[in-house]
Every structure is written in C-alpha cells, then in structure tokens.
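Q: Below are the chains, spelled out letter by letter.
6 protein chains.
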Amino acid sequence: MDAIQQLDSDTAREIAAFAFELGVLKRETRKGWIDACVPSPESVADHTCRTAQLAALIAAYEGGDPARAAHLAVWHDSQETRLRDLNQVAKPFLGKPDHQAVTATQTSALPQILATLLRDTVAEFEAQATTEAVCARDADRLECLIQALEYQAAGNTLMSEWITSSKDRLKTTTAHRIAEAAMTTSVLKWRTTMG
Amino acid sequence: MDAIQQLDSDTAREIAAFAFELGVLKRETRKGWIDACVPSPESVADHTCRTAQLAALIAAYEGGDPARAAHLAVWHDSQETRLRDLNQVAKPFLGKPDHQAVTATQTSALPQILATLLRDTVAEFEAQATTEAVCARDADRLECLIQALEYQAAGNTLMSEWITSSKDRLKTTTAHRIAEAAMTTSVLKWRTTMG
Amino acid sequence: MDAIQQLDSDTAREIAAFAFELGVLKRETRKGWIDACVPSPESVADHTCRTAQLAALIAAYEGGDPARAAHLAVWHDSQETRLRDLNQVAKPFLGKPDHQAVTATQTSALPQILATLLRDTVAEFEAQATTEAVCARDADRLECLIQALEYQAAGNTLMSEWITSSKDRLKTTTAHRIAEAAMTTSVLKWRTTMG
Amino acid sequence: MDAIQQLDSDTAREIAAFAFELGVLKRETRKGWIDACVPSPESVADHTCRTAQLAALIAAYEGGDPARAAHLAVWHDSQETRLRDLNQVAKPFLGKPDHQAVTATQTSALPQILATLLRDTVAEFEAQATTEAVCARDADRLECLIQALEYQAAGNTLMSEWITSSKDRLKTTTAHRIAEAAMTTSVLKWRTTMG
Amino acid sequence: MDAIQQLDSDTAREIAAFAFELGVLKRETRKGWIDACVPSPESVADHTCRTAQLAALIAAYEGGDPARAAHLAVWHDSQETRLRDLNQVAKPFLGKPDHQAVTATQTSALPQILATLLRDTVAEFEAQATTEAVCARDADRLECLIQALEYQAAGNTLMSEWITSSKDRLKTTTAHRIAEAAMTTSVLKWRTTMG
Amino acid sequence: MDAIQQLDSDTAREIAAFAFELGVLKRETRKGWIDACVPSPESVADHTCRTAQLAALIAAYEGGDPARAAHLAVWHDSQETRLRDLNQVAKPFLGKPDHQAVTATQTSALPQILATLLRDTVAEFEAQATTEAVCARDADRLECLIQALEYQAAGNTLMSEWITSSKDRLKTTTAHRIAEAAMTTSVLKWRTTMG
Chain A
-5 MDAIQQLDSD TAREIAAFAF ELGVLKRETR KGWIDACVPS PESVADHTCR TAQLAALIAA
55 YEGGDPARAA HLAVWHDSQE TRLRDLNQVA KPFLGKPDHQ AVTATQTSAL PQILATLLRD
115 TVAEFEAQAT TEAVCARDAD RLECLIQALE YQAAGNTLMS EWITSSKDRL KTTTAHRIAE
175 AAMTTSVLKW RTTMG
Chain B
-5 MDAIQQLDSD TAREIAAFAF ELGVLKRETR KGWIDACVPS PESVADHTCR TAQLAALIAA
55 YEGGDPARAA HLAVWHDSQE TRLRDLNQVA KPFLGKPDHQ AVTATQTSAL PQILATLLRD
115 TVAEFEAQAT TEAVCARDAD RLECLIQALE YQAAGNTLMS EWITSSKDRL KTTTAHRIAE
175 AAMTTSVLKW RTTMG
Chain C
-5 MDAIQQLDSD TAREIAAFAF ELGVLKRETR KGWIDACVPS PESVADHTCR TAQLAALIAA
55 YEGGDPARAA HLAVWHDSQE TRLRDLNQVA KPFLGKPDHQ AVTATQTSAL PQILATLLRD
115 TVAEFEAQAT TEAVCARDAD RLECLIQALE YQAAGNTLMS EWITSSKDRL KTTTAHRIAE
175 AAMTTSVLKW RTTMG
Chain D
-5 MDAIQQLDSD TAREIAAFAF ELGVLKRETR KGWIDACVPS PESVADHTCR TAQLAALIAA
55 YEGGDPARAA HLAVWHDSQE TRLRDLNQVA KPFLGKPDHQ AVTATQTSAL PQILATLLRD
115 TVAEFEAQAT TEAVCARDAD RLECLIQALE YQAAGNTLMS EWITSSKDRL KTTTAHRIAE
175 AAMTTSVLKW RTTMG
Chain E
-5 MDAIQQLDSD TAREIAAFAF ELGVLKRETR KGWIDACVPS PESVADHTCR TAQLAALIAA
55 YEGGDPARAA HLAVWHDSQE TRLRDLNQVA KPFLGKPDHQ AVTATQTSAL PQILATLLRD
115 TVAEFEAQAT TEAVCARDAD RLECLIQALE YQAAGNTLMS EWITSSKDRL KTTTAHRIAE
175 AAMTTSVLKW RTTMG
Chain F
-5 MDAIQQLDSD TAREIAAFAF ELGVLKRETR KGWIDACVPS PESVADHTCR TAQLAALIAA
55 YEGGDPARAA HLAVWHDSQE TRLRDLNQVA KPFLGKPDHQ AVTATQTSAL PQILATLLRD
115 TVAEFEAQAT TEAVCARDAD RLECLIQALE YQAAGNTLMS EWITSSKDRL KTTTAHRIAE
175 AAMTTSVLKW RTTMG
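Protein chains in written order, with the numbering used here: chain A, -5 to 189; chain B, -5 to 189; chain C, -5 to 189; chain D, -5 to 189; chain E, -5 to 189; chain F, -5 to 189.
One chain only, chain A, in its complex shape:
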C-alpha cells in the first residue's frame, strides 16, 4: 500500500514531536490515586489502554461500532500531556479546561489530515452525541471503577468514593451491569478461566 501523500521530512518531524508528546501520558500518574495514597499509581496511558478495550466491549453490546468507540477512548485524555490529570480539587482555581483548544494547539503543526482526524475525534467524544462517544465515556468511568476495585483488593481503604462516583455516572445498561458484577467478582477469577 502507498501513503496518500508522501510525508516530507518537516512534517514527519512534527508527527515525531507529537509522538514524543504522547509519551507524557505514559509517565503522568492519575491524580485521584495520589490523593488516595495509592503507591506507584497507574499512568494515564495505563488507564487509556483498558478504557479503549472496555469501550469496544461496551459498544459491541450497545449496538455501536467497537472500533470507533475504542478510537474515541484512545484520544480521550490526550490533552493531559499539557493539562496533566487535574481533578475536582483543582476546578475552583483553574476552571474547566477546554479540551478542544488543547487538541487544536497540539495538532497545529500536524498535516491537515491528522489535525482534522484528531479534532473531530475529540469533538465527538466531548459532544457525547453518538453511541460510540457515550460508550467511550462509560468505559472511562468503568475503567476507573475497576481500577479502584483492584486497589481496594490490594488493601486501599479509601476507594469507595471512586467506586460510587464512577458507578453513578454510568449511562449505558451494559456498563452498569458490568460495574455491578465487578463489585462482587474476585480480581483473580480470570486465572481459573482455562477455556
């Protein structure tokens, strides 16, 4: 297969710079877990990975396109290279950041095809008007809930706030049922699934 348009070296360099920017997501830790005294908390990228996986599963069940839901999830926190993972305690002082403005800046030096792709993807996620967008956001929250259950199994006693608030904000029946089931399923159950 051939590229639609050959990348010139300046453009390639801008894409490479953006790839390095995305690397921040692998090193930035999620802030709620820091508040909750979790040792060595997960990265934003860790969270994004399972969010995308869950988005596909939820969308498949909700009649959406799994790949499109996963793709929305893949970019849903990509603004955090610049904004970092702020949470509720920052809001009174920093306001609600404009994710689309960040995406616009991040993609300002990218070729048009990529800038448009990412801006449209982020806009769709933020608008929450498609099945896939709703499934991706539910996946975001379900992932947080499941991670909280894992930290709880690891001993943390402060997780109920995250479990409850994640669960309460779920929109789809599918995510809601998985959440309820997760709360009574052992973290180690999968090890006995030997197919």
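Read the hints as simulated data drawn from the structure, not as lab findings. Because the structure is a prediction, the values reported are computed rather than measured. Hints are supplied without guarantee of correctness; some may be wrong.
No copy is singled out in the list; a pair is fine if it fits within one copy or between any two copies.
Unchecked claim - Using 20 Å as the maximum straight-line C-alpha spacing, the simulated EDC-like pairs for lysine to aspartate or glutamate come out as follows: (1) Lys183 to Asp2; (2) Lys165 to Asp2; (3) Lys90 to Asp79; (4) Lys183 to Asp4; (5) Lys161 to Asp59; (6) Lys165 to Glu118; (7) Lys165 to Asp59; (8) Lys183 to Glu155; (9) Lys90 to Asp4; (10) Lys90 to Asp59.
Given the structure of chain A, go ahead and fit chains B, C, D, E and F onto it with the hints provided.
A: Frame of chain A, contents of chains B, C, D, E and F only:
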C-alpha cells in the same frame, strides 16, 4: 440507546473477570527494557496506548481506517496477561506462542458477540492482510523505537539494538519517515508547539 | 509551655485534615522531570525540603533572616495539593493560577492564628519585596538547577533547559555563585569532606 | 540587596558540595516503613517537609515563633546524609550517634557564617530547651503519626506501633490534640474543604 | 591460593556475559504478585536470596548439608533470565519449560568446570532425589508463603491462594512447622529480639 | 527424611520471626547507589543473590567448594536487617559495626543447631581465612563492580569510583580476570548466546 441484548448477571461477571484480566497489562513490564537495565520500565498497557494512537495516525496517512487500525492495536498484546511479555531469548525454549489460542481461551466464557469480536480482531492483526493490520503492526514497532529514543535521552546507552531492529521491520512509508524524523527530533520539541 | 488557646476538637480536626492535605506534596511528582523522562522523579516535598535548606543558607549570606527565608520556602509550593505541579505547557490553557486564592481556601477552616500566618507567609513570598522572599525564590530555582545536575549525572541528556532557565532567573549574587560552582562540582564531592 | 561578603569560587564550591550532600535526603527512605513492608516509602526529605510545616503550625499555637520552629525542623534530620535513617533495632550495635559531631563535619568546609548557623540550629534542636525546639520535635513525631495513618488508610496493618509510640512522646497540648483528631479524621476530608 | 586453571580473556568474557545475564534476575518481577496487584513486587533475586537462606536452615534441621541446600536454591530460578517468571496461567500455551535445556544453553560458552557445576546443580534440584534438593524446593515454597504473609500484612487481600498452595506443597516437617508458625507470627516480632 | 529433632511451636515461631527479619534485606536499598543518584536501586537481597552465584563460580575456579562459598555469600550481609547498608561516610560517626555481635543477637532465640550454623558461617566469612571466604568476599566486590557497569550502561556517569574500588580490592586471579573482562563486555552480550 439500548443494549442489543441485556446482560444477565453471570455474563456480566465473566466480562468483569475479563476486565480484571486486562488489568495485568497495566502491571506487566516490557521485557526488553528489563534486559537493557531501564529503571521502572513502562507497562504493556503504556505501550499499547501509544501504539493505538500511532496506528490511527499511520493509517490515516496510508489510506486506511484510523479507528480500525487503533482498535487492532488496542488488542494486539492482550494475550500477554497469560503469556507475559516474552522476547527473543525465550523463543528457543518456549516456541512461538499461538496468540489466537490464547484469545480463544480468554474469551471462552464471554458472550458470543464479544468473543467473536475479539477473535476476529486478533486474527486480522495476526494475518497482516489488511492495511489497518499492517499499520497497527508498524505502530507497534514505531512505538518501540520512539520509547527507545526516550530511554536513550534519559541516558540509556543500550538502545541501538531496539532502535535498529524496530526501524528495519517497518513496512509502511509513513512509519518509516516518522521513525527517521524521530531519530533527529528532540524529545522536548513538542513543548515549544504553542499553536 | 502552654498553648495560647486550647484547641477544641473540631478545630484540631480541621488542622489534621490540612495535615493530610499537605501529604499530597509528598506524593505529587514534579512535572518538568516527567516531561524530561526522568525515572521515579522527586516529589514536591522533596524539592521543598532542599529549597528551605538553601533558602536559609542564601539568606544568611545575603543579610536576611535564615529562619524566615526557610519558612517562606516551606510553604512556597503548598498550593500544589490542589493545583498540582503545573508547568509552562499548561499555561496557555489554565492561565496563571492565583496562589493566594488557593491558600485562602486551604486555610478557610483553620483557626484565625494559623490562617493569618499562612496567608501572610504566602503573600510575602508572592510579593517578592523582602530579602527573605527573594532568597526563598532563588532557593527554589537553585534547588531545581542542582536537581537537574543530579539527574544529568544520573545520565539524563535533557537537563540543559532546566539548568539554564533556573540560572538565568536567579536574583542574588550568592545563589548565582553557588549555581556556577555547582555546575563544575562533582555530585559526590561531599563524600570526601571528612572534617 | 548585596551579600554581606562576596562568595569566592572555592567557598561557593563547598556550598554546592553541601547542597549535593543534602540531595541524599531526597533519596534515602525512612527505615521504619521498610520494616513495616510499606511499598515505595517516603524519603527523609518528604518527612522533613511536612515536619517543618507542622512545626510552624504547632509553634504558632504554642506561642513560639513559627519561622524559627520550621527552620529547626528543616535541619533536624540533616545528619542522615551520613548516618542514614537508623532506627531502634540498630541502637544496640551502633550506639546513639552524635548529631552535632556529624553537623560539625558536614559544615567543616563551609564559610563561618553558615557553619555557625547550622551548628547553632542543630544544637538548639538537640537541647530541646526552647519552645521552638520542642515544637519542632513534636512536629517530627506528629508527622510520623500522620504518615502512619496514611499508610494505614492505604492498607498497611502494622502501623499501630508507630501511631502509639509517636503519640506517646508528644510534649505539647497542641500536637497532642491534632494527633487525637487525626486518628478519627479521613485522609480525604480536605478534598471537601472548598472555602 | 591459585586458580586451578588461569582464565584466558575469552573465557573471562563469557563468564562476565553470564554474570550480566544473571543480573536480569534482579530486575524481573515475580508474576504472581503482579496478578495479585502487589505494588512494586519483589524481584526473582529477592526471592532467591531468602530461599537460599531458608534452604540452609531447613536442611540443617532435616539432617542435610546447609551449604549444599543453599547452593541448590541459589540457582533454582536461574533459568528465568530467559523464561521469565511464568506461572500457571501460561502453562496451557507454553507448556512446562525444560529448565535443564535452558541451563545447557546458558552455560554453553562457559568453561567446562563451570558448565558441569551448574548443569549438575540444576539437575539435582530438578530431580528432587536428595535431602538438599527437597529442602531447597521447600524453601522456595516457604519463602513464597512468607512473602505472601508480608504482602498481606501490607494490606493485600488476595494472598490466601498463595499461602495455601505454598503450604500444601511442602514436603518436610521442618518447613511445614515454620509455615504454620509464620501464619500466627507478627511480621515485626523480630524487632523485639534483642538477644 | 525426618528432621533431626522435631520443631516445637515456640521454636518454629522464632525461626519464622527470623525469616521475617530476613525480609528486610529484600526491601533495604544499597546506599552507595543512593549517593550516586541511581533511580530505584537494587536491594541488599538482589546483591546477595548474584554474589552467591558468583561466589560459586569463582570458588570452582579457585579450587574451593562452590556450595560452601555460595553459602558464605548468602549470609554475608544478613546483619543489614539491623545495621542497614552503611557505607564509608558513616564510619567516622558509627565506627565499624561488629557483624558477629549482630548475628549473635539475631540468632539468640533460634535453636542451637541453627544459631551455631549461622555464627560459624559469619565468623568464617569475617575471618577470611579459607578459600571459600576469600572467594565469597571477592564475589561481593565483583558483584558490586558488575552492578556498577550495568548502572553505567543505563546512563549513570558516577560509577567509576565503585568500579575502581571494587576492582582494586579483589584478591583472586579469577575474580580479577572476570572484572577486567566485564569492563569491555556488553551488558547485552548474553542475549546472543544461543548455545
């Protein structure tokens, strides 16, 4: 929106168990970096996140569907919950593991719609017969190269093996050009992109 | 000695809550180092400790009160329990946060004597109108420079930006001379100081 | 403002070497937590930061000078660059180390003004004869207790020894009341203080 | 004392390469703990160290040679530089790896005296036909149980599987009694042993 | 096989307590690496594991008993549960600790057979009068040198002090040759040994 079929609680529990299984990807470290003495190496999920992001970008340029390429990437290492991140030094003793067999086991208790989705996705990635599959695999390798460049910038002197072998296995022009550009781009360049 | 006023249990609880809030500084990592791919970066509290120590040393040399300079340093990043350690890349999207507003909120439930102490301390640091405030800010920057030199000794190749920008913003002759000396002093020299 | 005396480059280098020595406090972990199986325990500098903050708060309430109490706290463990954070189990074999002797060695190459400052500060803390010294030591113990409560909230079941022994050694009413309050206050309470 | 045969530089280099290979054991984390959400899990070398210590103690009690038992333990996981620390969930896909084949490869470039030593040692451990081999394997399991108790004391709620399965596989009376005693002994008891 | 003497439950409990004490070695980090700004430094147990392995290899070449040399190495730092890993900078203040006194205390509640075993083992290592003791100490130093080379490959620029001082103190020809070879061997060479 409504779920195609309502999840019963046993099925929901199996999906929850699978979600916990996917959590292993967030905690399993990539083995090449352990060989190379990298402190606190990234997780498989960290790698998967940027791989999916790069898969979308490469596919957009190569005329593929970005969402489908990202989705293939999202699941491309999902077998490593069981196989762990084995590398070349294990091969003479463990053989080449059958990823589709692992996926079959992992999904054996999932509802049909999800089992089929994941088996088809993994099969498409393994077959490498679609543009999206080729872009996802190139993203896998490009991500490794970019991570190696980051570890090199962090001081590691052993990265050339990973940089070279990742680059040599790239198939698409787009990935190849980004790889070449990355090798001469500062890891910090993005911080000056202020749009 | 006796307390000026006995703490009632509600007030004591608010102080305890504030003490837990300050614990976030021990777990929040400094963001510049995350951008620069530093593994296991220092916490805000780590930075604060040496900043306070350096503030005392600089102030002693600059004719200020070492204890007061150290005290200003001790609180100089205390807003980061809520704002986190944001850096230049966040500024276009979040603006320059109002540190005194954060302190006001943090201390809103504390007894008057403590609220006034902290608000005055933060205001003095922000105003930069006293010798001690200038020394404390110089200590903040000198500490960053010295940490960057340590990470550079540990292998990191991206530190020049932090070394240069920290040095360029120093105001006192004392801090400037220490900075210059640090750049040509071994990180291990102290081990041979056997007094 | 001008420095009392201009630093010559040899002196500046000795101060820089001492600054690097203080960096050890950021990397040395507290030993009690290692005994208690705490993952990724805090550094001595982490402990020092909140100790200084608490020292100021306690001193303000106890009628002392907050800045002076904080300053005493800032240096109270500075000997641990050489002695490390030894605890009770080492005592039968290593004796009680002489902190002032360590400070004398650490400052032996520093200019007189700094050597005197640090020796006097450490001597005041060790003598425990001023309100500020008592408040600083109480802050040291209260900080340990609060950290133990945080580790307990994070799951650790072995913290009662540290909580009890820290509490039993508190001298001031203020610290004692905060300690008692902390034991029944949620680690997350501060997140609801929105001022 | 003199070496039996002087090492030529090529042979010395092969031994050095093998020493670097053994370094992987210090960086590879144990997989069961990853499944169980343990933060910052121990390395294979960490496990090996206490296994060797326990092997000596058990063997002394069981009438074996403590040094020989410790030596068997020292090498019992040395194949994991290549195989990594696989566990039960990998078995259906990777089979039971042949440890002696791995040792044969690892030692293929070593001088005969060393290759024979290591092959015989691994073969003796695998055959489980000597008192020392039985004690070393019991030490392997007892170490796992004791580590699980430590993680449980640190808060982890998922340890019963490891505690039970380790205990059930113990062969010697000595190991069994220590295991039972450990289950009701505080992790901190040793700190009161002041001899 | 049967135990020489059946363990009563009090004795078993003392052995279990000692096993928990040995766990400290898995969590205590080596101090030189902290001075040298190494991120996430190895544990004492990590060091002990490869030391024991190298002791066996060196002894085999030097005409000693590999198992006995490994066994000496296994216990050579076991005092550090109480003394921690002190280094040269602590010596002027803490003196040279008496390792045999620590071992005596550690084993004071153990059954005679174990107490004697450990005291004799530590005494033999300290006396340095047997081939095995010399090989074990050389392994201790060679391990340090090889670890320093690994940290150097990972980027650290401060390792020459550890490399040189370790090398200069080696006694056996075998260890000396391996050390020299290691200095010009790639950390990754073993990955190409495919037997």
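Q: All hints are to be evaluated individually against the structure, with a verdict given for each.
A: Comparing the hints with the structure gives:
no., hint, verdict
1, Lys183 to Asp2, "between (50 Å within a copy, 18 Å between copies)"
2, Lys165 to Asp2, "between (44 Å within a copy, 17 Å between copies)"
3, Lys90 to Asp79, "both (12 Å within a copy, 17 Å between copies)"
4, Lys183 to Asp4, "between (50 Å within a copy, 13 Å between copies)"
5, Lys161 to Asp59, "neither (23 Å within a copy, 33 Å between copies)"
6, Lys165 to Glu118, "within (17 Å within a copy, 31 Å between copies)"
7, Lys165 to Asp59, "within (17 Å within a copy, 28 Å between copies)"
8, Lys183 to Glu155, "between (24 Å within a copy, 11 Å between copies)"
9, Lys90 to Asp4, "neither (34 Å within a copy, 33 Å between copies)"
10, Lys90 to Asp59, "neither (29 Å within a copy, 32 Å between copies)"
Of the numbered hints listed earlier, those contradicted by the structure are 5, 9 and 10.
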